[in-house]
Structures are given as C-alpha cells and as structure tokens.
Amino acid sequence: MKKRDIPAGIWDSCQSCGHMVYLKEVEENLNCCPECGHHRRVNARTRIEQLVDTGSFVEMFADLAPIDPLKFKDRIPYKERLKEVQKKTGELDAIVVGRAFIRGRAVVLAVMNSDFIMASMGSVVGEKVTRAIEAAMESDLSLIIVTASGGARMQEGMVSLMQMAKTSAALAKFDDAHGLYVVVATDPTTAGVAASFASLGDIIIAEPGCMIGFAGPRVIKNTIKQELPAGFQTAEFMLEHGFVDRIVKRHDLRRELARIIDYCGK
Amino acid sequence: MRSGGRVGLIMGREMNPITYLDFEKPLLRIEEDINLLELEQQQTGQDLSGEIKQQRARLVAKTKRLYSHLTPWETVLVARHPQRPLITDHIQNIVTDFCELHGDRLHGDDRAMITGFGRIGGHKVMIVGHNKGKDTKERVACNFGCAHPEGYRKSLEKMRLAAKYKLPVVCMIDTQGAFPGVGAEERGISHAIAVNMMEMSRLGTPIICIVIGEGGSGGALGIGVGDRVAVFQHGFYSVISAEGCAAILWKTHEQCARAASALKFTSKDLMKLDMIDDVIPEPLGVAHRHPLEASQALEKYITDTLRELKRPKIETLLKRRYDRFRNIASFFEAPSDTEKAKNDKPRVKKSSGTKGRAGSRSRSGTPSREAASSGRVAESSSSLSTSSATGSSGSTGSVRRRTNGSTP
Ligand SMILES: [Zn+2]
Chain A
320 MKKRDIPAGI
330 WDSCQSCGHM
340 VYLKEVEENL
350 NCCPECGHHR
360 RVNARTRIEQ
370 LVDTGSFVEM
380 FADLAPIDPL
390 KFKDRIPYKE
400 RLKEVQKKTG
410 ELDAIVVGRA
420 FIRGRAVVLA
430 VMNSDFIMAS
440 MGSVVGEKVT
450 RAIEAAMESD
460 LSLIIVTASG
470 GARMQEGMVS
480 LMQMAKTSAA
490 LAKFDDAHGL
500 YVVVATDPTT
510 AGVAASFASL
520 GDIIIAEPGC
530 MIGFAGPRVI
540 KNTIKQELPA
550 GFQTAEFMLE
560 HGFVDRIVKR
570 HDLRRELARI
580 IDYCGK
Chain B
2 MRSGGRVGLI
12 MGREMNPITY
22 LDFEKPLLRI
32 EEDINLLELE
42 QQQTGQDLSG
52 EIKQQRARLV
62 AKTKRLYSHL
72 TPWETVLVAR
82 HPQRPLITDH
92 IQNIVTDFCE
102 LHGDRLHGDD
112 RAMITGFGRI
122 GGHKVMIVGH
132 NKGKDTKERV
142 ACNFGCAHPE
152 GYRKSLEKMR
162 LAAKYKLPVV
172 CMIDTQGAFP
182 GVGAEERGIS
192 HAIAVNMMEM
202 SRLGTPIICI
212 VIGEGGSGGA
222 LGIGVGDRVA
232 VFQHGFYSVI
242 SAEGCAAILW
252 KTHEQCARAA
262 SALKFTSKDL
272 MKLDMIDDVI
282 PEPLGVAHRH
292 PLEASQALEK
302 YITDTLRELK
312 RPKIETLLKR
322 RYDRFRNIAS
332 FFEAPSDTEK
342 AKNDKPRVKK
352 SSGTKGRAGS
362 RSRSGTPSRE
372 AASSGRVAES
382 SSSLSTSSAT
392 GSSGSTGSVR
402 RRTNGSTP
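Chains as they are written, first to last, in the numbering used here: chain A, 320 to 585; chain B, 2 to 409.
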C-alpha cells in the first residue's frame, strides 16, 4: 500500500485537537488521532483492509471506467481531470465493490473513495452501487456500503443526478427481497449521495464526528443569513434528530457489523 | 392569433403585466408599434388594418425565431420568468374540481408543495407539484418553491393515497431545489427525498413527471421518479444550478452562462442524452406569453400519456419504470476475463432511459430502437399544435449507442 511507503518520522498536526501526531502511529490506530480519537478520512483500499477478514476481499466490477457524456469542460476538460485523478489514486472511479467476509460473515461490500473527486457520484458510482445491490440480492447476502461523497458529479450532468433514482429504485427491490442493507456513513456523506442510498439503509451507522447533510453549510448560511448551530450536520446531530441508528468508532466497526448481521442477515 | 400582451397594451403600457427579459425587448418594440397603429386607427378612423396585420405577422415570426434560438442561460431566465405559468395556473386552466389536500401527518403543511385530487381531461388523478408562488406574499409563504422535508413527505402521503384508490399521479416539477436550511436538515431532507424516490419507483399506479419550469437537482427528483419524465420546451432539468456550478468550478458567478452551456440541461439536450421521454412544445414561442395554450398543451400530453399508461398491467408498468431508471448509465467497461461470468451486461453502456419505452412501443408495431425514438417524438409533436424544437431534437435523438471497444 502507498501509505506504507511514507518514510518513518513524518509528523502531522491533528485537524481536530491540533496535537502533533506521528503518522505511523495514526495509521496503526486505524487512521484515528491517538490523542483525541479524531477519525481521519481513509481511502477505499485502506478501509477495506481495516474492515474485512484478511485476504477475503474479492473485487467485482473493477473494470468500469467513467466516460465524458457531456464533453464537459470547466477550467480543464473533465477527461483530463479524470486522467489526473486516476493517476494520482490508481483507481478508475470513486468506489470499490466486492465480496468479503467480516468476522466470518459473507457480505457484499461497497466503499466510496473520497480521494477521487470527493467521491462524487457519476455514472460509474451509480452503476457499481446498483450492481452491488443486485449481487447481494442474487447471492442472498447482506449489503454494506461505506458512504462518503460530496454529492452528484456535476461534470456528468443529469446522468449523475439520475443515479440517485437508479440506486434508490434498486434498493426498493432489495428491500422487497428482504435483503439486509447497512450504511456506514463516513466523512463527508452529503448532497446527492446523502439524499439517496446513504439514507436508505435498514440500519444506518455513522463514524463519530463525520459530516452528514444535504445542503452545503455555506449555502445554508447564505440562505438563512444566520450562524449555524454548533455541531450542525455531524453524525451526532443526525443521531439526535433521528436519522442515524448508531454512532460507532472505527475500532468497533467490524464487531458491530457482525452483530447486526447476526440479528438481521441471512 | 392573439398575442398575450395585447389587452394590456391597448390599455396603456403601464398596465401591461408582462415582464420583458433583455433579449425579449425586440418583441416589445413591435408590440408598441402595433399599439400605436391601433391607437391611430381608433382615433383617426383611418383603416390601418393592413399594416397592423403585417406587424402582427412580423411579431409572430420574430417571436418564433427568438425562442427557437435561446441560449441555455436564456432558457434558465425563461424557465424562471415571473409570468411563467405555475402549477396553480395549470390547475386553474386545466384541472376541474381540484380538491386540495394538506399536510404530511407528521410535521406540517409545506406550501411549497401542492397536492390534491383533480380531473384532467376526464382522468381522475392525484396532482403533486412545487409551487413557487404568484406574488411576494405567496412566494415567501412557499419559500419560492423550495420544499422542506414535510413537503416531500406530504407528496408521498398523497401519492400512496392515490395508489390505494388506483388514481394516477401527475407530478409538476418547478423548483430551484430543496430548501437549504437548518430545519430542513434537522427534519431529514436527505431522508425525505431518498424515500420518495425509493417509494415512487414501486408505487402501484401510473406516474407522470413533468418539469413545467425549473427542475433543480435532488429537490426536483424527489417527485421525479415515474413512468414518463417530460420537460416543457423552455424548461430545464439539471444536476446543479448554473450559478452553483459556476461558483464551484469557475469560482465565480460570472460564468453562469458558460456553466449553463456545459451542463447540457435544456430539453433538447436532455432528449439527446436520453434523460427524458418527451418534450412538451410551448405555444408560439413560449409559455409565459400564452399561458392558457401552454396549459392546454400540458393537458393534451397528460391525457394522451395516461391513456397509454393505463393500458398495461401494473406489474408490466412497474417493470418498465424500473428498467427506465436502471438503464440510465454512461460508462466504459473493459472486457475482462477475471470478471464474474454472471454479469453478462453489455460491455459498453450509454444511457437508454427509453428501453422500457421502446418495449411499450413495440406493441404498436414499431419495434426497432430508431423507430421507437422517432415514434415517440412524432407522438409528442403530432399531438400538439407547435413542434419546432421537438422535431429537430428527435432526429438526432436516436444516435445514442456507443460502439463496442471504444476507449475511455
Ligand atoms: Zn486529535
């Protein structure tokens, strides 16, 4: 893994508590701050490594790559943006899907990757989420999606917006088939993803302190012309208002997921 | 042909209720000429009817020309035009015996979402839609058409009620987006929109979704899952507002026009991209100049479509509705032997929201894909008096499928 290549002795200040922390120690602590427990963002591969039984992950639909349906160009063409980020991350798009075992329970797992254009949902993300749902349905397995996203990928226009409807419709089928679907919301789960499959879990788990919300805080502030309340749009806020079942620390995720599967899964 | 502003003009320009956007000013000048000629004729008794007729013809031609070449940004301005017919206008114009139903049974009654029973062309339906409000007071009361979670939950309540009594649902979309506010987040706006989409995908009654003005992202899609998705000719439907897109990607608001073009959200582009099923042509150029005719075009579309949607069994309809959204995609899939053999889906996929539609078409004897798409366009243009933009977009609309083996 890339992270392992970072030479020892690199320090960083924690975004949350400001302490200087030794990165290797952070990494060994599942990318949480050893001082305050702040959950840092992790990329999809690291997340999978942390979450599943060692060596059990078998990737699916790995060859789906984005195209540029609108021939979109802002300051740089979307195609170039894609190439750049694909090179940087080594991923084709913002989600990794596969089968795995979590404490011996077989699951279909999808993990979003916030390193890739803020894990925005374009056609590839929508399609892979939908295929993950279908795979779980066909093989009668529980489905776990680790969400993180800035929302729909505007460079793909309406194709990306429609992925919200597509994934939600697929989840309706999975629901009809009594499949278990667990959402693990991580930082940040927002906009189009929050307003589709990330809100439709039978069980919704969130990592402590992660951002969950629909509209961007700046947009809200400009609309209501008031300061936002403290802790607005965090996992804790969502729990308080009834939209999250449990807040689970990263260290407990495997155990908690196994527990839920034992209650509901097949 | 009567022009919408005529009455007002005869009574003097101060009373003319029509707002002219910058690019509409040439029309105003012709209308003023006609106005003067009419006044002169009235006062002097001179017969100027020939000249007036000529000017009227010029006005019609100019109007048609003007609105057939709108830029995407001008389309946004037209779709948000202060006189553009709103859901309340359409209800007044084409719905008989409208019986409004309020409240989401949980929190309150969101004025940004109107719901109720009504009859359209002999069909009993449930009407659901955003209301932007007519005057300042109403606009404030309904947050300019930006709904809260209770608005979406109210719409779902009423749609479920409709399904229970086998009434089709007609959704009129007209919103900048869901309301961005603290209360909306506290009451789970994400959840409300997500649940609406999920439930609409399996709601056991026909659903028609029509963007009558502005289709703004998730807030539009929250009542946008159905058997048919149509957009008025000068409406638009976008993943993000041009302003929002410009602010994020260009870091400035000045690039709205560029963002509007880049997003490809006009009815014509959406047809080409296969995101929508139909375009409803606007009367003589544009809806806000002829609101009644616009409503009539809507009525015709709804009645024709309902007749079609009521025919198949509900299971068939639901399967087609599912496939319609399931097949919206645009990606490249490299051939791979490691891939699970199970997934025998097409390797390369460019959207085809109309798959289900093509299926429904085949019953009427046009089984090929091209025939299906041109048949669809023919239907919407033949059923309505004017068809300018639809016809042209339809001819290119069939070029959608990507060839195998192209590289990303
Ligand atoms: Zn810390």
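For the record, the hints were derived by calculation from the structure and aren't laboratory data. Among the clues, some could well be false.
[To be verified] Now the stretches of chain B that chain A is said to cover, found in silico as 3 or more residues with beta-carbon under 8 angstroms:
| hint | stretch |
| --- | --- |
| 1 | 50 to 62 |
| 2 | 92 to 98 |
[Unchecked claim] Within a straight-line C-alpha distance of at most 30 angstroms, the following computed BS3-like cross-link-like pairs (lysine-lysine) qualify:
| hint | chain 1 | residue 1 | chain 2 | residue 2 |
| --- | --- | --- | --- | --- |
| 3 | A | Lys392 | B | Lys125 |
| 4 | B | Lys65 | A | Lys540 |
| 5 | B | Lys135 | A | Lys492 |
| 6 | A | Lys407 | B | Lys252 |
| 7 | B | Lys320 | B | Lys125 |
| 8 | B | Lys26 | B | Lys165 |
| 9 | B | Lys252 | A | Lys402 |
| 10 | A | Lys492 | B | Lys301 |
| 11 | A | Lys492 | B | Lys125 |
| 12 | B | Lys273 | A | Lys402 |
| 13 | A | Lys544 | B | Lys135 |
| 14 | A | Lys390 | A | Lys406 |
| 15 | B | Lys165 | B | Lys273 |
| 16 | A | Lys390 | B | Lys135 |
| 17 | B | Lys135 | A | Lys540 |
| 18 | B | Lys167 | A | Lys492 |
| 19 | A | Lys544 | B | Lys273 |
| 20 | B | Lys252 | A | Lys406 |
| 21 | B | Lys65 | A | Lys492 |
| 22 | B | Lys26 | A | Lys540 |
| 23 | B | Lys311 | A | Lys544 |
| 24 | A | Lys398 | A | Lys343 |
| 25 | A | Lys398 | B | Lys301 |
| 26 | B | Lys301 | B | Lys65 |
| 27 | A | Lys406 | A | Lys392 |
| 28 | A | Lys392 | B | Lys273 |
| 29 | A | Lys392 | A | Lys402 |
| 30 | A | Lys585 | B | Lys320 |
| 31 | A | Lys407 | A | Lys585 |
| 32 | B | Lys314 | A | Lys390 |
| 33 | A | Lys398 | B | Lys273 |
| 34 | B | Lys311 | B | Lys301 |
| 35 | A | Lys492 | B | Lys165 |
For clarity, every value in this text was computed on a predicted model and none was experimentally measured. Note that beta-carbon positions come from the ideal geometry of N, C-alpha and C, so glycine has one too.
**Request:** Give me the numbers of the hints this structure contradicts, sorted from smallest to largest.
**Result:** As far as the earlier hints go, 1, 2, 3, 4, 5, 8, 10, 15, 16, 19, 21, 22, 23, 24, 25, 31, 32 are violated by this structure, in ascending order.
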